[in-house]
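**Q** Just so we're aligned: the sequence shown equals residues 1 to 399 in full-length UniProt numbering.
In case anyone wonders, no lab produced these hints; they're calculated from the structure.
Be aware that one or more of the hints could be misleading.
[Stated by the list, open to error] With a straight-line Cα cutoff of 30 Å, these simulated DSSO-like cross-link-like pairs (lysine-lysine) come out:
no., residue 1, residue 2
1, Lys114, Lys192
2, Lys169, Lys263
3, Lys114, Lys212
4, Lys114, Lys263
5, Lys169, Lys114
6, Lys192, Lys212
7, Lys169, Lys212
8, Lys169, Lys192
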Amino acid sequence: MSTFVSAPALAQRTNSLAASAIGSILRLADSADMVALAAGSPAPETFCATEVAEVVAELLASGPHSLQYGDTEGLWSLREWIAAEQTALVGRQVSPDGIVMAHGSQQALDLICKALIDPGDVIVVDRPSYIGALQVFQLYQPELVSVPIASDEGLDQLQSLMDGGLRPKMLYIVPNFANPSGLTLSRGQREKLADLAARHGFAIVEDDPYGKLGFTDEVSRLPALAALSDAVIRIESFSKSLFPAARLGYMTAPQGLVDVLQKFKQAADLGNSQFVERIVHGLVTRPGLLDGLLVRSRALYSDRRDTLISSLRGHLGDRLRFATPDGGFFLWAGLPDGTDATRLLTEALTSDVSFVPGAGFFADHPDVATLRLSYSCASPERLTAAGPRLAAALDRIAP
């Protein structure tokens with residue numbers, strides 16, 4: 001029997017692989033005593049484990065059919081439910097045939113790039129932007145242009161770039177409580193983005209995993225970008241609203257693009273797990289279940305945000321600057337004295353507190369004096385301890 005004495009020759013695209021930043025983030029939560037503010041995971045207290053068990057029992061009691069392969073397109077009844085929800089959200093008819101199922105939002109981004117991006121195409125991303133999206137994009141060798149989209153100045157900058165000849169193929173944005181910045185696009189900013197897409201002919205990828213987790217009525221009334229433009233590919237997921245192990249996301253897109261995305265989906269994995277899709281359908285169609293989960297989740301995350309902010313302000317004062325997010329999981333902070341957040345992390349880990357240095361969230365010219373703090377998965381007691389532990393770590397390197 002022959003064996004490789006060395007690794008086989010790798011494809012050139014592997015040169016675009018970044019280090020496993022997300023894996024590194026998740027490993028920062030390993031210590032039992034750690035105040036883990038790194039991983040942006042949903043709180044286990046929000047998972048509907050009892051209801052999942054009930055739905056699974058019902059499915060198996062009805063026979064073995066739910067354990068069979070499913071269609072590439074996904075479970076029709078679940079796509080009907082998604083289509084009805086999206087129709088209400090965007091204010092125009094969305095057909096179940098216009099829904100593309102994916103293994104989470106991450107696969108959705110990969111399928112979009114397969115369908116749209118050639119080497120050298122321009123993708124505009126936020127500054128900072130979701131690190132998982134940047135990892136996917138880099139595999140397709142685009143030109144990444146970063147702009148602080150969630151600001152009027154950033155949108156003016158984007159308009160100037162396009163007036164000067166920049167021709168993006170697509171723009172990627174998390175419009176609500178963004179990962180990592182926690183920022184939310186205003187109505188005016190959404191309208192300007194939609195107008196720019198119409199005038200300059202680029203697609204908007206609207207990634208909205210946190211949109212249902214707003215803490216105020218005002219932010220919940222903001223329109224989806226897909227309600228303002230036909231040029232939007234909208235991504236959502238059940239990971240934050242139900243449970244992340246479902247690994248179940250979905251997209252809405254123009255019909256011509258849907259057909260192409262379905263072909264790439266089939267080539268990638270033939271289709272999602274029919275069993276998981278049936279579980280999710282059983283949950284979302286239970287009267288009051290999803291709404292009740294979201295009410296409890298919003299209250300829990302809002303309380304945890306407030307606890308973390310109180311601890312940080314009480315112990316760090318103006319040594320750490322941040323805006324208060326209106327929803328989601330994340331608080332984005334800056335160190336006004338210019339301290340390198342990676343250096344601070346090294347010291348903070350000795351005090352059993354973790355976070356994510358901000359540099360990895362930038363497509364170019366990283367700001368090393370930034371950091372992301374996630375309050376979603378830490379208990380109130382741990383969040384209360386975050387401030388003094390971070391302050392002690394900062395004292396040791398920047399007294």
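**Q** All hints, please: hold or fail.
**A** Hint check:
For the given pair, Lys114 sits about 27 Å from Lys192 by alpha-carbon distance, which is consistent with the 30 Å threshold. For the hint linking Lys169 to Lys263, the alpha-carbon distance of about 21 Å falls within 30 Å, and the restraint holds. For the hint linking Lys114 to Lys212, the alpha-carbon distance of about 28 Å falls within 30 Å, and the restraint holds. For the proposed pair Lys114 and Lys263, the alpha carbon gap of about 10 Å is at most 30 Å, so the pair holds.
Under the criterion of a C-alpha separation no larger than 30 Å, the hint pairing Lys169 with Lys114 is consistent with the structure, at around 13 Å. As the CA atoms of Lys192 and Lys212 are separated by approximately 23 Å, the hinted pair is consistent with the 30 Å bound. For the given pair, Lys169 sits about 28 Å from Lys212 by alpha-carbon distance, which is consistent with the 30 Å threshold. Note on Lys169 and Lys192: the hinted pairing holds, with a Cα-Cα distance of about 17 Å set against a maximum of 30 Å.
Violated hints are absent here; each numbered hint is respected by the structure.
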